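*Asks:* Since the structure of chain A is provided, determine the placement of chain B on it from the hints.
2 protein chains.
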Amino acid sequence: MNIAEIHSPADIKGKSIDELTQIASDLRKALITKLAHHGGHVGPNLGFLEATIALHYVFDAPTDRIVYDVSHQTYVHKMLTGRIEAFLDPEKYDDVTGYTNPKESPYDLFSVGHTSTSVSLASGLAKARDLRHEHYNVVAVIGDGSLTGGEAFEGLDFASMAGTNFIVIVNDNQMSIAPDHTALSENLTALRLSDGKAQDNYFKALGYKYIYVKRGNNLEDLIEAFRSVKNINSPIVVHLNTEKGMGLPVAEEYKEKFHYSGPFDPATGKLVGDSDEPTYIGMFADFAMQQMRDDREVVTITAGVPGAVGFGPARRDEAGEQFVDVGIAEEQAVAMASGLAKEGMKPIVAEPATFLQRTYDQLSQDVAINGTAATFVTFYTGVWGMNDATHLGFFDVPMISNIPGILFLAPTCAEEYLAMLRWAVEQKETPVVVRTPGGAVVNRDGDFAVDYNKIGYETVRPGRDVAILAAGSFLGMGIEAARLMAGRGLDPMVINPRYMSRLDTATLDNLRDFRLIITLEDNSIDGGLGQKIAAYLGDAPVAVKCLGLPKAFPDRYRAADLLAASGLTPEAIAGLA
Amino acid sequence: MNIAEIHSPADIKGKSIDELTQIASDLRKALITKLAHHGGHVGPNLGFLEATIALHYVFDAPTDRIVYDVSHQTYVHKMLTGRIEAFLDPEKYDDVTGYTNPKESPYDLFSVGHTSTSVSLASGLAKARDLRHEHYNVVAVIGDGSLTGGEAFEGLDFASMAGTNFIVIVNDNQMSIAPDHTALSENLTALRLSDGKAQDNYFKALGYKYIYVKRGNNLEDLIEAFRSVKNINSPIVVHLNTEKGMGLPVAEEYKEKFHYSGPFDPATGKLVGDSDEPTYIGMFADFAMQQMRDDREVVTITAGVPGAVGFGPARRDEAGEQFVDVGIAEEQAVAMASGLAKEGMKPIVAEPATFLQRTYDQLSQDVAINGTAATFVTFYTGVWGMNDATHLGFFDVPMISNIPGILFLAPTCAEEYLAMLRWAVEQKETPVVVRTPGGAVVNRDGDFAVDYNKIGYETVRPGRDVAILAAGSFLGMGIEAARLMAGRGLDPMVINPRYMSRLDTATLDNLRDFRLIITLEDNSIDGGLGQKIAAYLGDAPVAVKCLGLPKAFPDRYRAADLLAASGLTPEAIAGLA
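Protein chains in written order, with numbering that gives the first Met the number 0: chain A, 0 to 576; chain B, 0 to 576.
Calculated from the structure, these hints are not laboratory results. Some hints here could point you the wrong way.
Identical copies go unnamed one by one, so any copy, or any two together, can satisfy a pair.
As the list claims (entries may be wrong) - Cut-off 30 Å, straight-line C-alpha distance, at most; resulting in silico cross-link-like pairs (BS3-like, lysine-lysine): (1) Lys-453 x Lys-203; (2) Lys-102 x Lys-427; (3) Lys-102 x Lys-453; (4) Lys-269 x Lys-229; (5) Lys-453 x Lys-269; (6) Lys-91 x Lys-269; (7) Lys-269 x Lys-33; (8) Lys-544 x Lys-453; (9) Lys-196 x Lys-208; (10) Lys-229 x Lys-91; (11) Lys-196 x Lys-213; (12) Lys-196 x Lys-14; (13) Lys-213 x Lys-256; (14) Lys-91 x Lys-14; (15) Lys-91 x Lys-102.
These numbers were taken from a predicted model, which means no experiment stands behind them.
Isolated chain A (complex conformation) (with noise of 0.2 Å):
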């Protein structure tokens, strides 16, 4: 059959396993086609192909509950899924996002784009089923690395419990995004090397009943499998070994580059447009490598996604036993790290922001209560940092800088983010967050090499009546907001406030009798700093106007879309004074 007419799952049940090897193999040149002019999860979707073919071939979505972990592993499925158009026509490749999306279909459960989530909503999804005593299967795909989270492990610890039908497939790619190098990871290397007979098996240790699908690139095998499993009245673990990157020699063999790429040539897997403009995340990745050259107390961690901070193949290698990508597994990067530092070493936890959410409780109580002088870098911040509603990057600052005890800095361009990094790294009086600037590199003069826990905010341009405090990587939209207001004969005043979590109360003092004060900051406004200072300020005579991102989950939005949406032009800004 042509592809074009894939509506539904209905439309590939009751084909023969010749007619699926063919759609298998369409789907595979449709996609490839696809990432190589659009770019997205490379990698993880060409290695799903075919178990996703054999899921909706067995399985009956919507009525058998089927929810993905990650879900960047769903271009397949929202190709059988009624939204194949958005995989061969062009003009259409945006119409869908690259996570599940309950918005777009009747067949995505859950918006997903953080990882190890699946078996503890499935688990909701069968506890309902049972409750109301219906009968379907609940389905629960797990893998790309995801099973080394902390909500993987307490999900299935719990859902076996139940003792009634619920399907987990684990899809061992024997990755994450770099290659997995934790205990569970070796148990599963131990259960392909035995055909699925090992000893001391994780998931019957965890209560599942267990069968092992060695060739999970194979139609047939699938089918058998899944079939097997189908409305079967226990709990149980369906692992498949595949291959990421299935079918395109590049990614087979960089499977670490090609988990996500940019547009790229099919053929040499060269990047299409790559760019060598310098970047923060370079900037940082130079720095820790020099750090950790220099002193061997020095401690690079992340959790699962060393090339997003600039950690490649190249400088793990270089780095040693002095780099540790603890996988997926941000409360262990971060408790670690505290543990490091009550040693007195010198850990830097590297992580975007929107992964760093899962270590909340961390940061407080590991870190903060205690004390230990860490240092967190956050990435991808801000209205530049990734656009996808579930990889926001714009409540680091809320979530962090209203927790007691960690200093939290915005370095405002390159000069002063190695400054703010090389003292957090050294000094050992508190956990130090420095939030990696988003957007274009810039450059500054300036007097950096200061102790951030002593100065106070700094003024960048003088000036009376009017200030503009901005913050992190809107320092430049103050600057230039500034300038427009000097054209009109003002004489506004800009501040780099330099902390997001506590103010200079002696230079917002000298501001009471201005007339405005204007403050600006790359993150949700509500529990941000701009707050801190209006009330600060509740009773002076200043009038305070607050801008910066909104209280939402936009959803692959423009930067320069939600700027001007929420007031941040420098033209905008300029006509509040």
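*Replies:* Just chain B, lined up with the frame of chain A:
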């Protein structure tokens, strides 16, 4: 020896088993005497008494690092490390906290109050040791239910990979606070029943060597086991079968009741000064029970703390499969609730505010982004909640109220609490947090059966010029302050804002020309409601003063002192106007 002469672990080293047995007996007597008079964690400490002696007999703390999980099981550790007077002299009972605390002793490595952290923290210590090529033992004690927490799994899964000395002592007393009901507890049971030989050993699956100590309250066996693992050059789990409450018959029999207890009669177990005043917790439990009786779609979920939210054994029995204790696994509790709500069920997650901190990301991703209409009820909130630095209920408001898409309600009295709970459970529009008020139960007349997704603020007292916005359990303080002001000829308005997560801008706009607005909130003020109001009115003539609890981790404070220091007395508030 007289246990009063134990000043450090050195004082027990080299003693014979007979002498140690006598010491154990004397320590137990002293501990029971203190616990009966003072209250505290009864069962965990009695059950781990022999193991603690054996740990300090065999290992050489503080050179050997011993990290205790939860750390409410460290009373005997304190008795052996220079703090025996605080267990012998009633005048000094309060000289020690109920948890490990580095400010008290170099033998206490971390302030720990939440569960499941010891392995992760210890993995950082071990990494520091290994990078420095030092040689000592790193020992992580875990148990009393903590293994079910995701952080414990992440730690175990990671820590074994170093392959160096790492000793995990599992204190298996077959309980968390209540009996455990997860797959892992079944795995531990299988190991106990097989004398450690059962197949599919969870710890072996995660890369640990393993030994089992059947008589986990027998000093000789414990010492032998610890000696056999001291200085081992690999990761190993020592699984101790201990008896929670050992040596106090009422605590052995009523393990859940005597996990933690106020002062009690050691012969009968009867609580001293037990009150039958109504409590918000009792009110919640009655409400949830009735909802479950009336409606099979209502499910009450807690994470390991059923008693703390009013669900003792009798209510749990009656609720049957509509009550779910997921074990100490807060992430699972929240994600499961999202799954239930997705199916149109009516889940209620009941959890102390301090422990819900584990779930920032689940609340954001699994719940808020998905808009699943689950109800979350926080307990032990605000200044009248638990007063240990590690257990404060100050932060649920700043943590949760800044997450988009969650409605955070703060009831001011019993009638409003029940009305908000009822509304939250029945509505299908939005995730809702209902904050259980702190302090004594307050009753109040009013029209509380309203649609809390639509209605604005409640005017409790009309007035002019001055407005007091008093949230949740601080409404009474606001009313009293208004009374004092009225006595001075003022006519202050008092407002119940109802919400911590959003503003009633229409009402606030009517206050723009007031002279003064005072906001009162029973939570850490940074990131709270007052700052949002101050920012919203930042350009209005009205002065705004925000009062609330400090951004800090005060330890064992007296509520009256903290309130006075924060300006939170009716007199101080009245003085602002």
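*Asks:* Could you run down the list of hints and mark each one as holding or not?
*Replies:* The hints, checked one at a time:
1. Lys-453 x Lys-203: Neither way: Lys-453 and Lys-203 sit 55 Å apart in one copy and 49 Å across, limit 30 Å.
2. Lys-102 x Lys-427: between (48 Å within a copy, 17 Å between copies)
3. Lys-102 x Lys-453: For Lys-102 and Lys-453, only the inter-copy Cα distance (24 Å) is at most 30 Å; the intra-copy one is 49 Å.
4. Lys-269 x Lys-229: neither (42 Å within a copy, 53 Å between copies)
5. Lys-453 x Lys-269: neither (48 Å within a copy, 54 Å between copies)
6. Lys-91 x Lys-269: within (24 Å within a copy, 71 Å between copies)
7. Lys-269 x Lys-33: within (15 Å within a copy, 71 Å between copies)
8. Lys-544 x Lys-453: For Lys-544 and Lys-453, the Cα distance is within 30 Å both inside one copy (27 Å) and across copies (27 Å).
9. Lys-196 x Lys-208: Cα proximity of Lys-196 and Lys-208: in one copy and across copies (12 Å, 20 Å).
10. Lys-229 x Lys-91: So Lys-229 and Lys-91 fail the 30 Å test inside a copy (35 Å) and across (64 Å) alike.
11. Lys-196 x Lys-213: So Lys-196 and Lys-213 pass the 30 Å test inside a copy (12 Å) and across (29 Å) alike.
12. Lys-196 x Lys-14: Answer is neither; intra-copy 33 Å and inter-copy 48 Å both fail.
13. Lys-213 x Lys-256: within (25 Å within a copy, 50 Å between copies)
14. Lys-91 x Lys-14: within (28 Å within a copy, 79 Å between copies)
15. Lys-91 x Lys-102: within (17 Å within a copy, 62 Å between copies)
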